[in-house]
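Enquirer: Whenever a hint applies, use it, and build me the whole structure from the sequences.
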Amino acid sequence: MLNTSDIGKVFPSVTAAVEIGRLRFFAKAIGENNPIYTDEAAAKDAGYESLPLPPSFFFSLKMDVPNPFENYEKVGASLAKILHANQAFVYHQSVIAGDSLTFDSHIADIYHKKAGALEFLVEKTKVSNQRGQHVADMTTTLVVRN
Amino acid sequence: MIGFDEVQVGDELPVLHTKMISRTTLALFAGASGDHNPMHIDIDFAKKAGMNDVFAHGMLSVAYLGRLLTGWVAQNAIKKIDVRFTSITQLFAEITCSAIVKEKFERDGSKLVLLLIDAKDQNGDIKISGSAEIALN
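Chains as they are written, first to last, in our numbering: chain A, 1 to 146; chain C, 1 to 137.
Check each hint, because a few of them may be wrong.
[Stated by the list, open to error] With a straight-line cut-off of 30 Å between C-alpha atoms, the simulated DSSO-like cross-links for lysine-lysine are: (1) 104/C - 124/A; (2) 74/A - 44/A; (3) 102/C - 124/A; (4) 44/A - 120/C; (5) 113/A - 80/C; (6) 79/C - 120/C; (7) 48/C - 113/A; (8) 80/C - 48/C; (9) 113/A - 104/C; (10) 126/A - 111/C; (11) 28/A - 80/C; (12) 74/A - 124/A; (13) 111/C - 81/A.
For the record, the hints were derived by calculation from the structure and aren't laboratory data.
Expert: Here you go:
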């Protein structure tokens, strides 16, 4: 069970490097054939200094820690019961391979539906680059099926 | 890249068809995305949790929606993506991504296009639906 007293709880920040090999692997895994996502020369021709970070990959880098689900499990959302309900990204600046991103997350809301059969956890994350620039925001809503 | 004036409300983006989601797809996506949740790659774990089989990562179809958008405009034109996962995407699903222009507007001096986006399986069942904001000149 989740506890509304955890609203506002701040999770440890995560810093992750945007690695070119990882971006190529991600492109392969999602069937992305546009060469700007795999070939640096093509990315440069398109005006990027290196491979751009694909729109949804912020979510992946945030999980670049030994146990990415630990934060949720600690507040009572076990892995076998959670589903992704909503995901939002707001983009402020481009991110490319070679950048380093820091993810600062907190629990923005916890609420219940169907007399507690469904519990929702809303996590908001601010993403900054190695120059301290605010590059993106993410909002993740998980549902716990009790 | 397409210009703001070339886009009209009601326009549809070129549809993106993706390959059938196999166990290999999920294994690769688990590794590449960093989402190692065993629900997506380990049938024994999935069964213990009451599922019949593993099922696809929701974020895989979000990545497909990302491909739909970056196939239409440059990546840095995408300002916002906001999606809801409406149902589980089963193994062997074939996802099709589509988008339609809902609105054109200006905000803080930027010309923006609001798209309604969705990902459906081969039966036409909506798996993900939501919106995206694209800045065009």
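Enquirer: Run every hint past the structure and note whether it holds.
Expert: Hint by hint, here is what the structure shows:
At roughly 28 Å between alpha-carbon atoms, residue 104/C and residue 124/A fall within 30 Å of each other, so this suggested pair holds. Between the alpha carbons of residue 74/A and residue 44/A the distance comes to roughly 43 Å, so the proposed pair goes past 30 Å and is violated. Of the pairs offered as hints, the one joining residue 102/C and residue 124/A holds, with about 27 Å between alpha carbons and a cut-off of 30 Å not exceeded. With a C-alpha separation of about 34 Å, the suggested pairing of residue 44/A with residue 120/C is violated against the 30 Å cut-off.
With a C-alpha separation of about 27 Å, the suggested pairing of residue 113/A with residue 80/C holds against the 30 Å cut-off. Straight-line distance between C-alpha atoms of residue 79/C and residue 120/C comes to about 23 Å, which keeps the hinted pair within the 30 Å bound. Our distance criterion of 30 Å between C-alpha atoms is met by residue 48/C and residue 113/A, whose separation comes to about 25 Å. With a C-alpha separation of about 37 Å, the suggested pairing of residue 80/C with residue 48/C is violated against the 30 Å cut-off.
Straight-line distance between C-alpha atoms of residue 113/A and residue 104/C comes to about 35 Å, which puts the hinted pair past the 30 Å bound. With a C-alpha separation of about 25 Å, the suggested pairing of residue 126/A with residue 111/C holds against the 30 Å cut-off. Restraint check for residue 28/A and residue 80/C: satisfied, since their Cα atoms lie roughly 24 Å apart, inside the 30 Å limit. In summary, the hint linking residue 74/A to residue 124/A is supported, as the alpha carbons are separated by about 17 Å, within the 30 Å threshold.
Proposed proximity of residue 111/C and residue 81/A is contradicted: the alpha carbons are some 42 Å apart, above 30 Å.
Of the hints listed earlier, those the structure fails to meet are numbers 2, 4, 8, 9 and 13, in rising order.
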